[in-house]
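Visitor: Sequence:
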Amino acid sequence: MDSPPVMKRPSGLSVAEIIVAMTLIAVAVLAVIGLFTGAFKALNRSDLMTEGTEIAREVIEQTKLLGRDAPPPNDTTYDGFVPTPSEPTGFPPEPYPQVVRDGITYTVSVTVEPAPGTTNAKVLTVVVRWKETGRAELQTYL
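All residue numbers for the sequence shown refer to the numbering used here, where the first residue is -3 and numbers rise by one.
Honestly, the hints are just simulated from the structure, not real lab data.
For each residue, glycine too, the CB sits at the ideal point set by N, CA and C.
Don't take every hint at face value.
Only pairs whose alpha carbons sit at most 30 Å apart, straight line, appear in this in silico DSBU-like list of lysine-lysine [to be verified]:
| no. | residue 1 | residue 2 |
| --- | --- | --- |
| 1 | 37 | 127 |
| 2 | 127 | 60 |
| 3 | 118 | 60 |
Per label pair, the in silico range of CB-to-CB distance [what the hints assert, rightly or not]:
| no. | residue 1 | residue 2 | range |
| --- | --- | --- | --- |
| 4 | 35 | 114 | 26 to 36 Å |
| 5 | 49 | 17 | 46 to 56 Å |
| 6 | 127 | 10 | 49 to 59 Å |
| 7 | 68 | 35 | 39 to 49 Å |
| 8 | 25 | 57 | 10 to 20 Å |
| 9 | 11 | 33 | 24 to 34 Å |
| 10 | 25 | 49 | 30 to 40 Å |
All chains, full assembly: derive it from the sequences and hints.
Guide: Here it is, written out as C-alpha coordinates:
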(Lines of atoms letter the chains of each structure in order from A and count residues from 1; the text may use other names and numbers.)
(Lines give C-alpha, C1' and ligand atoms only; values in the text may rest on other atoms or scores of the structure.)
Protein backbone atom coordinates (compact mmCIF):
# COMPACT_ATOMS: atom_id res chain seq x y z
CA MET A 1 0.00 0.00 0.00
CA ASP A 2 1.39 3.11 -1.16
CA SER A 3 0.16 6.27 0.45
CA PRO A 4 -0.98 9.05 -1.83
CA PRO A 5 1.65 11.68 -2.51
CA VAL A 6 1.46 14.70 -0.20
CA MET A 7 1.40 18.06 -1.95
CA LYS A 8 4.15 20.26 -0.63
CA ARG A 9 3.70 23.96 -0.50
CA PRO A 10 6.30 25.70 -2.61
CA SER A 11 8.95 27.50 -0.59
CA GLY A 12 9.22 31.30 -0.77
CA LEU A 13 6.83 34.18 -0.30
CA SER A 14 3.62 34.83 -2.13
CA VAL A 15 2.93 38.09 -3.91
CA ALA A 16 0.36 39.04 -1.24
CA GLU A 17 2.92 38.59 1.55
CA ILE A 18 5.43 40.75 -0.30
CA ILE A 19 2.85 43.51 -0.82
CA VAL A 20 1.90 43.48 2.89
CA ALA A 21 5.57 43.62 3.93
CA MET A 22 6.32 46.50 1.54
CA THR A 23 3.28 48.43 2.82
CA LEU A 24 4.41 48.04 6.44
CA ILE A 25 7.93 49.19 5.56
CA ALA A 26 6.58 52.21 3.64
CA VAL A 27 4.39 53.26 6.57
CA ALA A 28 7.33 52.97 8.98
CA VAL A 29 9.64 54.98 6.71
CA LEU A 30 7.04 57.74 6.27
CA ALA A 31 6.57 57.95 10.05
CA VAL A 32 10.32 58.33 10.58
CA ILE A 33 10.51 61.04 7.88
CA GLY A 34 7.66 62.89 9.63
CA LEU A 35 9.54 62.75 12.93
CA PHE A 36 12.70 64.17 11.36
CA THR A 37 10.75 66.98 9.69
CA GLY A 38 9.11 67.93 12.99
CA ALA A 39 12.45 67.81 14.79
CA PHE A 40 14.08 70.11 12.21
CA LYS A 41 11.23 72.63 12.55
CA ALA A 42 11.54 72.59 16.34
CA LEU A 43 15.30 73.07 16.07
CA ASN A 44 14.82 76.06 13.76
CA ARG A 45 12.28 77.66 16.15
CA SER A 46 14.69 77.10 19.02
CA ASP A 47 17.53 78.79 17.11
CA LEU A 48 15.34 81.81 16.33
CA MET A 49 14.18 82.08 19.96
CA THR A 50 17.78 81.91 21.18
CA GLU A 51 18.82 84.66 18.76
CA GLY A 52 15.84 86.86 19.70
CA THR A 53 16.58 86.45 23.41
CA GLU A 54 20.23 87.27 22.82
CA ILE A 55 19.28 90.50 20.99
CA ALA A 56 16.98 91.52 23.86
CA ARG A 57 19.78 90.80 26.34
CA GLU A 58 22.15 92.98 24.28
CA VAL A 59 19.71 95.92 24.45
CA ILE A 60 19.37 95.53 28.22
CA GLU A 61 23.13 95.35 28.73
CA GLN A 62 23.73 98.38 26.48
CA THR A 63 21.06 100.30 28.40
CA LYS A 64 22.77 99.49 31.70
CA LEU A 65 26.05 100.78 30.26
CA LEU A 66 24.35 104.09 29.36
CA GLY A 67 23.45 104.61 33.01
CA ARG A 68 20.26 105.03 35.03
CA ASP A 69 19.49 108.48 33.63
CA ALA A 70 19.60 107.54 29.93
CA PRO A 71 16.03 106.17 29.69
CA PRO A 72 13.30 108.82 29.91
CA PRO A 73 11.58 109.14 33.31
CA ASN A 74 8.02 108.78 32.00
CA ASP A 75 6.15 105.97 30.21
CA THR A 76 7.73 105.71 26.79
CA THR A 77 7.62 103.06 24.08
CA TYR A 78 10.08 102.88 21.22
CA ASP A 79 8.57 100.64 18.56
CA GLY A 80 11.04 99.24 16.04
CA PHE A 81 8.26 98.84 13.45
CA VAL A 82 7.82 102.63 13.45
CA PRO A 83 11.30 103.71 14.48
CA THR A 84 11.48 106.65 16.85
CA PRO A 85 14.76 108.55 16.84
CA SER A 86 16.98 107.79 19.78
CA GLU A 87 17.18 110.23 22.67
CA PRO A 88 20.22 112.54 22.91
CA THR A 89 21.43 110.21 25.67
CA GLY A 90 21.72 107.37 23.13
CA PHE A 91 18.63 105.58 24.39
CA PRO A 92 17.44 103.14 23.13
CA PRO A 93 20.82 101.64 22.29
CA GLU A 94 21.81 99.45 19.38
CA PRO A 95 20.54 97.12 17.97
CA TYR A 96 17.33 99.22 18.07
CA PRO A 97 15.25 99.44 15.81
CA GLN A 98 16.17 96.38 13.72
CA VAL A 99 18.97 93.91 13.24
CA VAL A 100 19.46 91.28 10.53
CA ARG A 101 21.19 88.04 11.48
CA ASP A 102 21.45 84.99 9.25
CA GLY A 103 18.99 86.57 6.82
CA ILE A 104 16.28 87.04 9.47
CA THR A 105 15.12 90.56 10.41
CA TYR A 106 14.58 91.03 14.15
CA THR A 107 12.58 94.11 15.19
CA VAL A 108 13.21 95.57 18.64
CA SER A 109 10.66 97.41 20.78
CA VAL A 110 11.68 99.03 24.05
CA THR A 111 9.30 100.22 26.78
CA VAL A 112 10.29 102.23 29.85
CA GLU A 113 7.88 102.83 32.72
CA PRO A 114 8.22 103.79 36.36
CA ALA A 115 8.53 100.79 38.65
CA PRO A 116 5.45 100.43 40.85
CA GLY A 117 5.94 101.39 44.48
CA THR A 118 9.23 103.21 43.91
CA THR A 119 10.21 106.80 43.30
CA ASN A 120 13.20 106.51 41.00
CA ALA A 121 13.35 102.93 39.67
CA LYS A 122 12.26 102.10 36.13
CA VAL A 123 11.06 98.93 34.44
CA LEU A 124 12.69 98.27 31.08
CA THR A 125 10.90 95.81 28.80
CA VAL A 126 12.52 94.70 25.55
CA VAL A 127 10.45 92.76 23.01
CA VAL A 128 12.11 91.28 19.93
CA ARG A 129 9.93 90.05 17.05
CA TRP A 130 10.76 88.12 13.89
CA LYS A 131 8.78 86.64 11.02
CA GLU A 132 5.03 86.45 11.70
CA THR A 133 4.81 84.89 15.13
CA GLY A 134 8.28 84.86 16.68
CA ARG A 135 8.63 86.81 19.91
CA ALA A 136 11.07 87.05 22.81
CA GLU A 137 10.60 89.36 25.79
CA LEU A 138 12.95 90.30 28.61
CA GLN A 139 12.33 92.70 31.47
CA THR A 140 14.58 94.26 34.09
CA TYR A 141 14.64 97.03 36.68
CA LEU A 142 16.91 100.04 36.29
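Visitor: Is residue 127 close enough to residue 60, meaning Cα to Cα at most 30 Å?
Guide: holds (28 Å)
Visitor: Hint says 46 to 56 Å; check whether the CB-CB distance for residue 49 and residue 17 agrees.
Guide: holds (48 Å)
Visitor: Go ahead and decide if the range 26 to 36 Å is satisfied by the Cβ distance of residue 35 to residue 114.
Guide: Check failed, 46 Å falls outside 26 to 36 Å.
Visitor: Does 49 to 59 Å hold as the CB distance between residue 127 and residue 10, or does it fail?
Guide: holds (53 Å)
Visitor: Is it true that residue 25 and residue 57 lie within 10 to 20 Å of each other by Cβ?
Guide: Violated, since residue 25 and residue 57 (Cβ atoms, about 48 Å apart) do not stay within the stated range.
Visitor: Regarding the pair residue 118 and residue 60, is the alpha-carbon distance no greater than 30 Å?
Guide: The given pair, whose Cα atoms are some 12 Å apart, holds under the 30 Å limit.
Visitor: Starting from the hint 39 to 49 Å, judge whether the C-beta atoms of residue 68 and residue 35 obey it.
Guide: holds (45 Å)
Visitor: A range of 24 to 34 Å was offered for this pair. Does it hold for the Cβ distance of residue 11 and residue 33?
Guide: holds (33 Å)
Visitor: Could you grab the alpha-carbon distance between residue 37 and residue 127 and see if it respects the 30 Å cut-off?
Guide: Roughly 14 Å separates the two Cα atoms, so the pair holds.
Visitor: The hint says 30 to 40 Å between residue 25 and residue 49; measuring C-beta to C-beta, is that right?
Guide: Between residue 25 and residue 49, where Cβ atoms are some 37 Å apart, the hint holds.
The structure is inconsistent with the numbered hints 4, 8, although it conforms to all the rest.
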